[in-house]
Amino acid sequence: MLDKNGIAKRIAQEVQDGFYVNLGIGIPTLVANYVRNDIEVEFQSENGVLGMGPFPFEGEEDADVINAGKQTITTLPGASFFDSALSFSMIRGQHVDLTILGAMEVAQNGDIANWKIPGRMVKGMGGAMDLVASAENIIVAMMHTNKRGDSKLLKQCSLPLTGVGCVKKIVTNLAVLEVSNKGFKLLERAPGVSVEEIINATEGDLLIEGEVLEMKI
Amino acid sequence: MLDKNGIAKRIAQEVQDGFYVNLGIGIPTLVANYVRNDIEVEFQSENGVLGMGPFPFEGEEDADVINAGKQTITTLPGASFFDSALSFSMIRGQHVDLTILGAMEVAQNGDIANWKIPGRMVKGMGGAMDLVASAENIIVAMMHTNKRGDSKLLKQCSLPLTGVGCVKKIVTNLAVLEVSNKGFKLLERAPGVSVEEIINATEGDLLIEGEVLEMKI
Amino acid sequence: MINKKVKNVQEALQGVTNDMTCMFGGFGLSGIPENAIAQLVKLDVNGLTCISNNAGIDDFGLGLLLQKKQIKKMVSSYVGENDAFERQMLSGELDVELIPQGTLAERCRAAQAGFPAIYTPAGYGTEVSEGKETREFDGKMYVLEYAFKADFAFVKAWKGDAAGNLIFKGTARNFNPNMCGAAKITVAEVEELVPLGTLDPNNIHIPGIFVQRIFQGDVYEKRIEQRTVRPKL
Amino acid sequence: MINKKVKNVQEALQGVTNDMTCMFGGFGLSGIPENAIAQLVKLDVNGLTCISNNAGIDDFGLGLLLQKKQIKKMVSSYVGENDAFERQMLSGELDVELIPQGTLAERCRAAQAGFPAIYTPAGYGTEVSEGKETREFDGKMYVLEYAFKADFAFVKAWKGDAAGNLIFKGTARNFNPNMCGAAKITVAEVEELVPLGTLDPNNIHIPGIFVQRIFQGDVYEKRIEQRTVRPKL
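Order-wise, the sequence lines are chains A, B, C and D. This note's numbering applies: residue 362 is where the first sequence begins, and numbers increase by one. This note's numbering applies: residue 362 is where the second sequence begins, and numbers increase by one. This note's numbering applies: residue 97 is where the third sequence begins, and numbers increase by one. This note's numbering applies: residue 97 is where the fourth sequence begins, and numbers increase by one.
Watch out, some of these pointers could steer you wrong.
DSSO-like cross-link-like pairs, simulated, lysine-lysine; straight-line CA separation at most 27 angstroms [to be verified]:
| # | chain 1 | residue 1 | chain 2 | residue 2 |
| --- | --- | --- | --- | --- |
| 1 | D | 318 | C | 236 |
| 2 | C | 328 | C | 103 |
| 3 | D | 318 | D | 328 |
| 4 | B | 370 | B | 508 |
| 5 | C | 236 | A | 546 |
| 6 | D | 245 | C | 265 |
| 7 | D | 228 | C | 236 |
| 8 | D | 245 | A | 529 |
| 9 | A | 370 | A | 577 |
Reference excerpt, derived from the structure (chain D facing chain C, CB under 8 angstroms, subset only) [to be verified]:
| # | residue |
| --- | --- |
| 10 | 156 |
| 11 | 212 |
| 12 | 213 |
| 13 | 214 |
| 14 | 215 |
| 15 | 234 |
| 16 | 238 |
| 17 | 266 |
| 18 | 299 |
| 19 | 316 |
| 20 | 318 |
| 21 | 322 |
Think of the hints as simulated: they come from the structure by calculation, not from any bench. Small disclaimer: the values here were computed from a predicted structure and weren't measured. The beta carbon of each residue, even a glycine, is placed where N, CA and C say it ideally should be.
Based on the sequences and whatever the hints tell you, model everything.
Written as structure tokens, this is what we have:
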């Protein structure tokens, strides 16, 4: 079974040379730590920066240079700042190659819910709805089940949607899955996790073809 | 009767303190020469400059600094350059206060035709259609009649339109007129021009109320 | 040059009254019009509809207006980190309209650029598109979203001049340029008002035509919401 | 940093074939992609649909492509000053679609920003809106205009870096930034390709994400169309 860093590590393998990547808050943020050194990737943050670097050294924080999580950041050579409209032009115009974000629920048709739980305080969707409605390549990073042990991979989302039919791939603590028209296609098992465990933790239809290999991370 | 410079001089009186002004090619360009010195006005050119100054001194021309007429220009302190989309945001968003342009025909309902003569080579509308469709304050600068002596102030335009119901005021070599719902309202006569002459040169309905004063220029 | 410079924040906010719709630049606490917000607190205007990506924190940013219950409605994309906000929203005192961040930016830009409405894919098939017109283009669904109509836009820039030209710094730029000219009156506050002719015409982010009033803010706290650092090696 | 630098104009234009739709930055002869145009002449591709505000003059700019009859259709706002253009248009060899200048800019921007279409007031009630969808918003009429679909965008900037970041100069900026990312492949040529990290991230007009290929042009003639001066006193 993977921990959060493990999920991030596995997703990092999906990041290809020359990709512009938008990382959501939470596990997705960790992905940046595990991207191979021999490929070139640029991170975009929707508040208006392309070419983000690591967090600043203590004492070098700049209130005017933050990411979408409101964290202080640095920029790398070749970085640029821009306004929110141009930032979402990058996203909506599909110039960003890969979006990685968390989710509360994913349905087997690719629907995603990650912004609202009825009856609870709703903080808002931020840029998530623009990202999922626009991106051609969306990977969801999440735990396979919620805190109560209920599956987050469902036949249908029960929570209010963030976007429809948009998720392509899901990486959880248990597995890597792909959205197909016959249900979640099981691509890989997490180290030490059996297909049986994945079946038990998945409420949606699971498509298993041949032997399911253990992921290499 | 006014010459082209006289028309420009009269129109310059319409330019108020604090106005952003877009000048078309031809007579409108001359208006800049006659704006009072004691008011602040900024000239916008739709190819992407605000705060245009006079033409450059010989030898100081810059191919990268031109106006919409493709003439070399200079800029004044406080000027800015911008792209075409932002330039038309200024125009369409009604941030430009006054548009002055030429016309082949103006109709008494405010329609304007200034870009196309069927059967002849058509050069295009450039930014004129955006300007007339957007501006709240449009003054047309033109001769009262064409080269054949036919009136250019008509009941209805005969040429393909540039914009509908948009012209507010017209300054010609003979008169200053306002578009009203009863026809062209005659506001002023050019020096030495009689009301009779204006009536004879105007095909559209002319509204004459009381004494028509001679313009002061 | 048309002079946009006003003496101070008092003059800059003249004409702001109860029940107006106001835009506020900023992302989180970065690039917010600190001086305009402080003056709105002093003016004690209320019933405001605020268009702003976020709602500040309890003791800073728009949170200051929330504390005094000056806000009737928030139009935002993300409103966490604010207790007063949560209480007023749950009690029904505060009306909240949550919209996608890109939609927020573009509805501002539409107002600035004279577009009545835009078609965006964001929110299609979600609560956000309920009751809204939708339409297919090239096999993809879009939602029709209208340009904002606001009375005042309060923006904050790094440098500006008396002509109203603005330059922003880093990610403090965010929504600020998109809100300039998107309201009847745009009030820009700057960290530094520089002499006319100092700013390179090539580097101006927002030409002065989009700004009605400009002043240099007295002080900028520029609070950091999530100070995140790595240790020096 | 993702490297967009290509060796030369030959490499930059790889993949351009007959009958493609290409965008060209520039206003008159100012800010046109001189090197890309020269290479298109050499490549002798034809049947091109060109989206460009103007069509050059007889012996410069897109006029060079017109001379060789490489252009099938022009989409422009103003096409004067060109005899070859006039002859081919009147003889029916050249198809011409004239559209308002602001519409041209915004149809590029729509393609860049992922908007399928826009509503603009320009051209309503004229030939330009014939056969097009129109709609009323707040008592004013608008025309629905679609985002362009282009294969290549050729733009010209002043400075750029290997990441594809661009800075334009003066009014040579014009349509160039709006065309970046508005086609499948955007080719930027620059007067000066500067080392990475040289450009201030705050002053970049177009971030490299909108550019696929960048190269430094061999030579820039930068011809002036209407040299207008005043005498020195």
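Status of each hint after checking the structure:
1. D:318 with C:236: Since the Cα atoms of residue 318 (chain D) and residue 236 (chain C) sit roughly 42 angstroms apart, the hinted pair is violated (cutoff 27 angstroms).
2. C:328 with C:103: 44 angstroms, violated
3. D:318 with D:328: 24 angstroms, holds
4. B:370 with B:508: 22 angstroms, holds
5. C:236 with A:546: The hint holds at about 25 angstroms.
6. D:245 with C:265: Violated: residue 245 (chain D) and residue 265 (chain C) sit about 34 angstroms apart, past 27 angstroms.
7. D:228 with C:236: 20 angstroms, holds
8. D:245 with A:529: Cα-Cα ~26 angstroms, so holds.
9. A:370 with A:577: Holds, because 10 angstroms separates the two Cα atoms, which is no more than 27 angstroms.
10. 156: 25 angstroms, violated
11. 212: Holds - the Cβ of residue 212 (chain D) comes within 8 angstroms of chain C, reaching about 4 angstroms at its closest.
12. 213: With a closest approach of 6 angstroms, the residue 213 (chain D) hint holds.
13. 214: Hint holds; residue 214 (chain D) Cβ to chain C Cβ min 6 angstroms, cut 8 angstroms.
14. 215: 6 angstroms, holds
15. 234: 7 angstroms, holds
16. 238: Since the shortest Cβ distance to chain C is 6 angstroms, the answer is holds.
17. 266: 7 angstroms, holds
18. 299: Cβ of residue 299 (chain D) sits 5 angstroms from chain C, so the hint holds.
19. 316: 17 angstroms, violated
20. 318: 16 angstroms, violated
21. 322: Cβ of residue 322 (chain D) sits 21 angstroms from chain C, so the hint is violated.
Comparing the model with each numbered hint stated earlier shows that hints 1, 2, 6, 10, 19, 20, 21 do not hold.
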